[in-house]
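Asker: Listed here are the chains, written in short residue letters.
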Amino acid sequence: MVQASPNTPNIFLRLWRNEGSRGVIIQIVTMVVLFALIAAIARNVVVNLAEVGKEFSFAFLSWPAAYDIGFSPFIEYTNQSTHLRAAVVGLLNTLLVAVCGCILASVLGFTLGIMRLSSNWLVSRISYVFVEFMRNVPVLIHILAFYALVVTLLPPAKKAIDVGAGAFFLSNRGFYTPSPVFEPGAGMVGIVIILAIVIAVGFKRWAKQVQDRTGKAYPVFWISTAIIIALPGIAFLTAGMPLSWDIPALKGFNFKGGMAIKPEFLALCLALSYYTACFISEIVRAGILAISRGQSEAAHALGLQNNRTLQLVIIPQALRVIVPPLCSQYLNLTKNSSLAIAIGYMDITATIGGISLMQTGKEMETMMIVMGVYLVISLAISSFMNWFNHRIKLTER
Amino acid sequence: MAQNHTTHGYAPGAHPDLPPPVRTTGPIGWIRANLLSSPLNITLTLLSAWLLWSIVPPALNWALFDAIWSATDRKDCWAQMDEPRAGACWAFIRGSFRLFIYGWYPEPERWRVNVAFILLLLAIVGVLRDNLPGKKYWLWFAVAFPFIGAWLIVGGFGLTPVGTQKLGGILLTVIIGVTGITFSLPLGIALALGRRSELPALRAACVIFIEFIRGVPLITLLFVASTMLTYFLPPGSTFDLLMRVLIMVTLFSAAYIAEVVRGGLQGLSSGQYEAADSLGLTYWKAHRLIILPQALKISIPGIVNTFIGLYKDSVLVLIIGMMDILGLGRARLNDPDWLGLAPELYLFIALFFFLCCFSMARYSLSLEKKLETGHAQ
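Line by line, the protein sequences are chains E and W. If you're matching positions, the first sequence starts at 764 in the working numbering and goes up one per residue. If you're matching positions, the second sequence starts at 1376 in the working numbering and goes up one per residue.
For the record, the hints were derived by calculation from the structure and aren't laboratory data. The structure displayed is predicted, hence computed values, not measured ones. Even for Gly, the Cβ is constructed at its ideal location relative to N, Cα and C. One or more of the hints may lead you astray.
Here are the simulated DSBU-like cross-link-like pairs (lysine-lysine), alpha carbons at most 30 Å apart as the crow flies [what the hints assert, rightly or not]: (1) W/K1660 - W/K1672; (2) E/K1014 - E/K922; (3) E/K979 - E/K967; (4) W/K1450 - E/K922; (5) E/K1019 - E/K921; (6) W/K1672 - E/K921; (7) W/K1672 - E/K1156; (8) E/K1014 - E/K921.
If you anchor each label on the Cβ, the simulated ranges turn out as follows [unchecked claim]: (9) E/R888 - W/K1744: 15 to 23 Å; (10) W/R1578 - E/I866: 36 to 44 Å; (11) E/L1073 - W/F1607: 49 to 57 Å; (12) W/E1649 - E/Y981: 52 to 60 Å; (13) E/L1138 - W/L1507: 44 to 52 Å; (14) E/L1138 - W/A1565: 20 to 28 Å; (15) E/I789 - W/Y1738: 32 to 40 Å; (16) E/Q1058 - W/E1649: 28 to 36 Å.
Sequences are here, hints too, so could you generate the full structure?
Answerer: Shown next as structure tokens:
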């Protein structure tokens, strides 16, 4: 009994053959290997940093950055500002291009997707060719080519193209538009706009309650639109039109006044949005095709009109298919905006991860900041996606 | 009525079928149905025709009919046209074509690159064609190809060594693409299985890795590869830049492959797992014989899309100073002889990528059709 018979394997083999204990062994081994790897890397980092005489600290963030950022529409920035401020400017620029790009990409993508489904052969072919060509070419090439086109083909500021009414100009220095100048009293109009939106939302809820109770339907869309346009309009007129436009004008070699959209921003935003729009158009097409024909026939049989069918039956179901991949396209666009560095648009990668890195030699710290920022943006977008998915999930009994 | 029939000489019901009205069949019918079916449709057709008319002929004139194919520099190019820049100057691309393909690979050793390209084509054909004799050996050859190719290109073991900094152009693009594709698929499958594993520690490690990689742009990972990775290694050791980039690109696309494959694994009904269990198959046997073949079949479109993405992303190495086709092209743009020929260059590179990626996409479509067994709902 004491002596193990030849058929009984030793203790290790027995543990290995038991499913539960094998799981534990595998996990312990994995963890040990992983932690050993991390520890080795950490040790190497410490040794290597000490060897080149660098220390790991974020103190450099308060040093003056000593480089210029040509495009900082939101906050004040000079080359005396700190690296931290440069990072914030970069982050805001990233967010600006991401938000503009997502909006443009959605508009263009939905248009292309619906064009692709058109019964008109020519329209659907144009959409197909455009989408297939654009999405099979790297986005970096789009950005560089678009930028090269803007910079080389558009005329210099002195010969700028007048795009509209002597107020919009296109030159190789960018796109110039009039900028709004708010005068005293404009704040009140702003408050009225917010108020009008609140009233419209309240009306919509009330109208839904009434409809649930009595079946009486109000033309909610038209009434809310009227509220949102009319109230601020009246406020604007009574306040004595507290808004004027600063129109760009050619002075010397460049335009003065107005708002300048830089060629870097223009190229990046447009290239990112038409590239992403190609993917969105396929998503939209798939989403609409996923709704079976029976759904619209059933809605028609219930007596719903075409627009009500679209609004109450088709779109809610199609959105369920469209939104998750759409969100991941938004995420891709945001991450692709890091390619801004190739054309000198100062986003987070180009400021803190580019010039600050080169100037301070703090590779570890700057890259940690940049990656952290992108991770936070990604997590924010994917948690929104999860929330939305949960909200619109098909509730089945 | 009866009188009527007899006068025409047909018994009731014996009249031969008339051809369908001309307006509903043939080219005319097609045009009426697809282009002119309603006022809105007519407007759209006119608008599209106008759009095509205003874009296509000028573009064709520029790219083909007014283009110059041989010239010594851009001044010479423009002198041959009716007016400067009226057409494309393809002489620029022609003059740099060998540079674009081989980079700075030493002239006498370029046969090795050619052999590697031919072997690559053979490997691709071997993987993609079904009815080849000795299919098994073709597959083994395809698996061995990345190593044979690496030996041919980098040298050593009897061949003259060539430094990786000499690699460039299409050669570099293809190296990054092929290496990434070959190694990210097995790694991605492993990560997907890890993420689906019942062992919490293993699962957590895979989830953290996948979500981290998917959350940051590739360009930041390439920065890490080019600036920071040396800090992670034992002091004094150096590591080839190309190698670091290849590792990063592979890890990056493996994380995306993992998510695609996970989608495929989740798409299988649990009955498949239970069936494999009830047959008494072990974990690995069940996955090799039952689960993975089905899961991978569902994931083909996603996997190919990831490969296409990886191939397109390979141009990002330009930003950390490696000279792939885009980097070399941009360097050539700074040549005083060829200044300002950006449209030609970008169109050429765009066409190159379009051809590669579009053919991959078409192949994946045909593969999907071929593997469709009709079991899916």
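Asker: Please flag the earlier hints that this structure goes against, numbers listed from lowest up.
Answerer: The structure breaks only hint 6.
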